[in-house]
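Please arrange chains B, C, D, E and F on chain A, whose structure you already have, making use of the hints.
Chains as they are written, first to last, in my numbering: chain A, 1 to 320; chain B, 321 to 640; chain C, 641 to 960; chain D, 961 to 1280; chain E, 1281 to 1600; chain F, 1601 to 1920.
FYI, nobody ran anything at the bench for these hints, they're computed from the structure. Using N, Cα and C, we set each Cβ at its ideal position, and we do this for glycine too. Take these hints with a grain of salt, some might be off.
[Stated by the list, open to error] Partner residues aside, some chain D positions facing chain E, computed with beta carbon under 7 Å:
hint, residue
1, G1000
2, G1068
3, P1089
4, G1098
5, Y1209
Number of protein chains: 6
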Amino acid sequence: MFVDLPESELRQYRSSQADPADFDAFWRDTLASSRRHALGVAVEPVDTGLQTVDVFDMTFAGYEGQPVRAWLRVPHAATGPLATIVQFQGYGGGRARATEDLLWASAGYAHLLVDTRGQGSTWGGGDTPDPEGSGPQGPGFMTRGIDSRETYYYRRVFTDAVRAIEAARSLEVVDSDRIVVLGGSQGGGISLAVAGLVDGLAGVFPRVPFLCDFPRSTTITDSDPYKEIGRFLATHRHKAEAAHGVLAYFDGVNFAKRASARAWFTTALMDPVCPPSTVFGAYNEYAGPKEITVWPYNGHEGGGAYDDEATLRILADLFA
Amino acid sequence: MFVDLPESELRQYRSSQADPADFDAFWRDTLASSRRHALGVAVEPVDTGLQTVDVFDMTFAGYEGQPVRAWLRVPHAATGPLATIVQFQGYGGGRARATEDLLWASAGYAHLLVDTRGQGSTWGGGDTPDPEGSGPQGPGFMTRGIDSRETYYYRRVFTDAVRAIEAARSLEVVDSDRIVVLGGSQGGGISLAVAGLVDGLAGVFPRVPFLCDFPRSTTITDSDPYKEIGRFLATHRHKAEAAHGVLAYFDGVNFAKRASARAWFTTALMDPVCPPSTVFGAYNEYAGPKEITVWPYNGHEGGGAYDDEATLRILADLFA
Amino acid sequence: MFVDLPESELRQYRSSQADPADFDAFWRDTLASSRRHALGVAVEPVDTGLQTVDVFDMTFAGYEGQPVRAWLRVPHAATGPLATIVQFQGYGGGRARATEDLLWASAGYAHLLVDTRGQGSTWGGGDTPDPEGSGPQGPGFMTRGIDSRETYYYRRVFTDAVRAIEAARSLEVVDSDRIVVLGGSQGGGISLAVAGLVDGLAGVFPRVPFLCDFPRSTTITDSDPYKEIGRFLATHRHKAEAAHGVLAYFDGVNFAKRASARAWFTTALMDPVCPPSTVFGAYNEYAGPKEITVWPYNGHEGGGAYDDEATLRILADLFA
Amino acid sequence: MFVDLPESELRQYRSSQADPADFDAFWRDTLASSRRHALGVAVEPVDTGLQTVDVFDMTFAGYEGQPVRAWLRVPHAATGPLATIVQFQGYGGGRARATEDLLWASAGYAHLLVDTRGQGSTWGGGDTPDPEGSGPQGPGFMTRGIDSRETYYYRRVFTDAVRAIEAARSLEVVDSDRIVVLGGSQGGGISLAVAGLVDGLAGVFPRVPFLCDFPRSTTITDSDPYKEIGRFLATHRHKAEAAHGVLAYFDGVNFAKRASARAWFTTALMDPVCPPSTVFGAYNEYAGPKEITVWPYNGHEGGGAYDDEATLRILADLFA
Amino acid sequence: MFVDLPESELRQYRSSQADPADFDAFWRDTLASSRRHALGVAVEPVDTGLQTVDVFDMTFAGYEGQPVRAWLRVPHAATGPLATIVQFQGYGGGRARATEDLLWASAGYAHLLVDTRGQGSTWGGGDTPDPEGSGPQGPGFMTRGIDSRETYYYRRVFTDAVRAIEAARSLEVVDSDRIVVLGGSQGGGISLAVAGLVDGLAGVFPRVPFLCDFPRSTTITDSDPYKEIGRFLATHRHKAEAAHGVLAYFDGVNFAKRASARAWFTTALMDPVCPPSTVFGAYNEYAGPKEITVWPYNGHEGGGAYDDEATLRILADLFA
Amino acid sequence: MFVDLPESELRQYRSSQADPADFDAFWRDTLASSRRHALGVAVEPVDTGLQTVDVFDMTFAGYEGQPVRAWLRVPHAATGPLATIVQFQGYGGGRARATEDLLWASAGYAHLLVDTRGQGSTWGGGDTPDPEGSGPQGPGFMTRGIDSRETYYYRRVFTDAVRAIEAARSLEVVDSDRIVVLGGSQGGGISLAVAGLVDGLAGVFPRVPFLCDFPRSTTITDSDPYKEIGRFLATHRHKAEAAHGVLAYFDGVNFAKRASARAWFTTALMDPVCPPSTVFGAYNEYAGPKEITVWPYNGHEGGGAYDDEATLRILADLFA
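Okay, chain A solo, but in the shape it has when bound:
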């Protein structure tokens, strides 16, 4: 069933999320601090048994120089520079096994699939630790470090993601001017953060993006992971205002206002996990050229392989 506003109202909906005055300063300082560490990119070939795709185990220095793992996949023996897809994962997942996710490299692109620190134990195993501790937090990652914007978990994740772009750009096989970022759910939310923090991207593909419009998303659904925040605040009843003050620095709505790259969003009208109004909350603020695909009968799976095929066509046009 449709879980949210009618589509006509979705297209008019405006998020109530505030835009913190020092949002840009916070992120500028955050990134500057991490950039003091060398990128430290290491790329090791993996013996996968594949013949048409080469896979590399890549490590780079993310937040405050902490190592982040990714798979780099390219067409066999490709030298580049190639148009490149940097992909971020959905909540709970990691970069998974080296032999998975062969689509983008098979289509002739360089493909960097980046771990989300600490995650990757629910599906698609991850290999990247999150070396930072936390105040009291609920199960999951949504409230890790939520006591301050400095300690909040996604400060590290988004910094890792920005550094992932910079690491990609450092590779010979990558054409720095032809990088797009892509991801579904949490990966879509990270893509929006990257779109708001990194210049010169060729495109952004936030699919059924998560991490958007917290004032609404924390109150409109009982699905995890947004509900993790609600459960935390149900226990820590005195922290609601402070928590939302922190979340404003990590909301896709605010990153969307600062983005300039061309974007292709998707959303699904039966998605209780990332309800469409929260996606439109970011989409309607998105400052760059944009399109959105609305899947009427889908839930959080969104367009699935149909989205992949559409992206292949868009990329072919984009890089023609």
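Just chains B, C, D, E and F now, kept in the frame of chain A:
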């Protein structure tokens, strides 16, 4: 939690499934009848946008000449003859989109991913109709045509599968002596049927196979799709004996007794969908050389990508 | 809880379902084709052990002459012509056992309880096959043959139902001018189709009718069987428009526009299976004299025996 | 799935329920006390609109003279004396509407369908109050008055049931020597109690009987209504021994030991509500001639209409 | 997720509950009748092993003189007169064990925790019987005696509660002018009834109160215990109007109109058990000075210990 | 329903958990390292408004000197030395609010309720951070740092607990020779660890203890939190052996072997969270004097207030 017998008892367990006296005659006649129709293999290239893998939309004549669809994927510009993987799908799924499932072709094999007639509307869309009607049946495919062995749905599916091997063998790109069959869940059940009905296979990979040990599987779990049979018999209380009489002709236990190709099974101790005793029911009867991987902490997802990686290593050895 | 619009809005609600230009031609041709087959009515007495009611196992030629089963029940030794109730069953059920559903015959009426082809394996066993195959379909009957209006499952079901009236009218015990049609849920939807396709009915009793207002019913509830369509379209994402184009030929809203017999609807405000707005979607279009009973605290069970008692009173008046 | 012991063990299983030394004295005194009140049978014809069955609203004096309601149904204008079925209802239900349950009268029998005091608000509305209060009790009827055998709810219910037989025997239309008692679930449990307390019954039909083998039934299932007792004891932790001491006076196992009439039990191997071992707990103690039908694929619905048809055949033989 | 109207609409919402003309007469007569019985207060010390709090097992004559149990807790060796908290329990619970709920006495108050008759078998065991029987009722207490306002269960409960205040006032340790009533959920509903029926209270603390705004609460949620009424009316379809006629005499909305004591309500925006609109339905009618705390991220647990701490502060001010 | 072995088998059951050769060395080194940091006990009075109990906000140096929070509660103005209860919390909870849990201080004991680091966001809010990061982990705390025994979360928690005893012993109000440890579920597991690591305890009260018998507890239940480990291993399929190697250092079974203080266990036969065999797995190894209370009809709530009352009686005897 472990859903079935302890592993030590699993390894001793013997299914009570009967071996119908005319089992072989039934299948010989069934296949002979369908073989009167020309194979009618058609292979059309698909414009996927992929560069390292070529995908073909393949049609061949299955049961009684009825058309069955499959994707044929090969490394770009491969001419063969290649070692080949013929794969069957899990319950409810179809061959899905042309751009999915690139692993086997990327590893240098020809890969034929065959539709299951009528299915492919629950996940991984299918494109093959099932032109046969049915007596009263429950939702799903488990009781379609269950009134007789002649009309039972899986008679058509297994015939399609045998014909898929024959269609593969008709292709220049395929090395007829180096074909393995592989599938998970229903695809594992179909693989067992093929192993029992087709000679000269190089290997069989039934993963968490379904369609095994019906006397036990219809009474030991409340999970679909086995439960479809139970619900049908809860309504049609007078048909239980007859239905089991039909099912004996389609039970992986009976196909296993007739198989000779080397086999690598997998099963999972927390799998309520295809409980491990029903897998061992087939495995313990399997007449060819065999191994089984037991995943202790997994459910019906079994080994997932870990199974794929193991299969890649086995195939590399097998075809070295 | 109330699952839909407030009652005042329900009474104003108008469905958005389109009225296909060739709707009447489609059904005229469909029925004409099937009418080329003889009705072939066979009526066999059943040895039930009952003393006050005689039960007959009736067969007649439905869609394209295919045999359809029904129970004919009459007061013991009745010769007629009797006022007659033709009843259709809810989703998943069949005509059930000969000794069930004695109410209407005990009240002095002829009662024809018609199987729904292929169904009757979930409850109330059925005995009528559906000899037609289907393209890829989801579990259940809602998407069987949905690829075209010609192959859609309910084309056959509704034709069977029209032929059931004609078969009833061919019986001596039936008074052709005093036939009412009745059914709950799917039986209500079939009753509406009959009301739109057959002249001269004395009354129509669509109770909590299903198969109404597909544009809304496929998006307003997650309950089966409407949800079967949603799941199909979630997989076959490119077929939504075509499927709705087909469904328009089978929507109770469109049959209601063409009905003329007096009708007594029922609906329930807590019914998530056939939400009341979808019932009002048909009711508000119904072209004949009409009443509707609204049960505030009931779900899909609607009025149950209270509806039966009301119908007994209405029939007594109608046929006084 | 099978929810209990294998059938071979079921047939050997013996309940651990104790047989209180003063069980017979308790029930003799209980019945004697209520028999001091006149039976006070009142039988009022109901205007149902039915033509083949006459329905009467019957009231009689149950426990301590408190009025109990029942429907008496007979073939139209029958004068008797007729073989008679006295039926008790499942948990939560009442005698329902006058126009329901026409089977037995349509088969030529007198049919007395007795309310269960206080019940009939969950399904099949009831009309009989339970004028007695209770100590603290959980939702439902299982722990009402459980503080002593004198105040326990089923003391009143079973006394009502015994008085129902006596009331039936007082009617001209009833043949006192040809009375059978029948009921499903709670109705089966009441039937067993009647079988243990009343002489001269022609037959007993406990279908999937409830109220049996409390030491096992309160610990082997999480389904209501047995679980009502478990929840009560989870709160009133100090009352477990006392409660079981009370329940021993109301256990079908103990009534079965005292029964002499011929009995036809049914049970279902997938019934989590009245698990088959608890039914066999009573069946294996049953002192009269006995048979049991085991439905392998059914849950608590048991044999449904199949059981009815079997009962019709048994009754025809019995009263031939 | 938010389960009800936005907070701005909640503050404007007005219940549609009717105000029966003889509401005051009904309650005046009800209380007068019970007051003909002596209060019969008995207070027995309990040997708890506690050193800082003395606990007494108190009994008093409630409705029509029937005994009601409560715990009286005071600071060790307190002689009073003390400011006093009379507390009523949530649905299903009783006064629990003597050693629980030490907060209020530890804060220096007399604390009377009153059983709810018949309840206390779901959690927090109770010791008070409900000696009155009932017509047919559903599981639970919501429909016990609902056939008339005279027999309705809460007539007895609210009378018990009024008598509890009178019993408290009869104690030397209690300061009759400094009594507040407090309770969560059902305890909040009882508190509102007391506020409408008793003069001279120092304060009222209805937390997430139940038993409010029946026209809305019985139709806006599927959660028990409100749903108990809906299920009853789903079976007894003809009793809806009568039942609501009875409920109007027991609705917190109507008691709120008659209250004068200062009140501190709480409600939670994610509470499906006592949805916030039904709380505001009472709050917005409340005739005395009032405040309400709205917990945005909580369900039926409301403010929990945060509410306790706020109450401690309010009481300290109130009795400073 | 009973969820595990019959009680007679429980009493014979022996866990298969291994006893690592360097278990004692590991813990000796662990504790020695943390003891290099000063205990740093700080005790601040809290203004709670309570009159009979004084509450102090206590901080002490736990694992590697990291600060841990606790509530210290004593009878008002108590000077000691008092017999003392050190309590640890169940999974997900923290020390909660200062005004909660007044029982033990009201009974005349000093009561130290210790936070579990990082927890306290699911219920009973906590105030203690866990400053250590982790490799990839699943939601919750069970797999935090599970990659090695050095980094495993419970190494820090158990060290905090040992230091809590030492901190308690440093207080004047505490009688160092009369300390008991108590806790339910996780708190019971921590109590067992303390019993194995600390000498001179007067008693141990592990109620329905968690963290026991990992080889069995990770495979016998699907309930969290044990299932957290299963889900982790379902993803990280290659880490099962290593993870169990780590867990052996934290298993209550192994601590039980090393304990000497008198112990009172409780367990519940219907507890799916900490199934009774896993409790008996520790109990049957417990090396000190021991008793166990078995609650037959309870789940994970165990004895609740009944356990508290029993403990009060035991403590009164113990410290008489």
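Evaluation of the provided hints:
no.: 1; hint: G1000; in the structure: violated, 19 Å
no.: 2; hint: G1068; in the structure: violated, 31 Å
no.: 3; hint: P1089; in the structure: holds, 4 Å
no.: 4; hint: G1098; in the structure: holds, 4 Å
no.: 5; hint: Y1209; in the structure: violated, 20 Å
The structure fails to meet hints 1, 2 and 5 from the earlier list, while all remaining hints are met.
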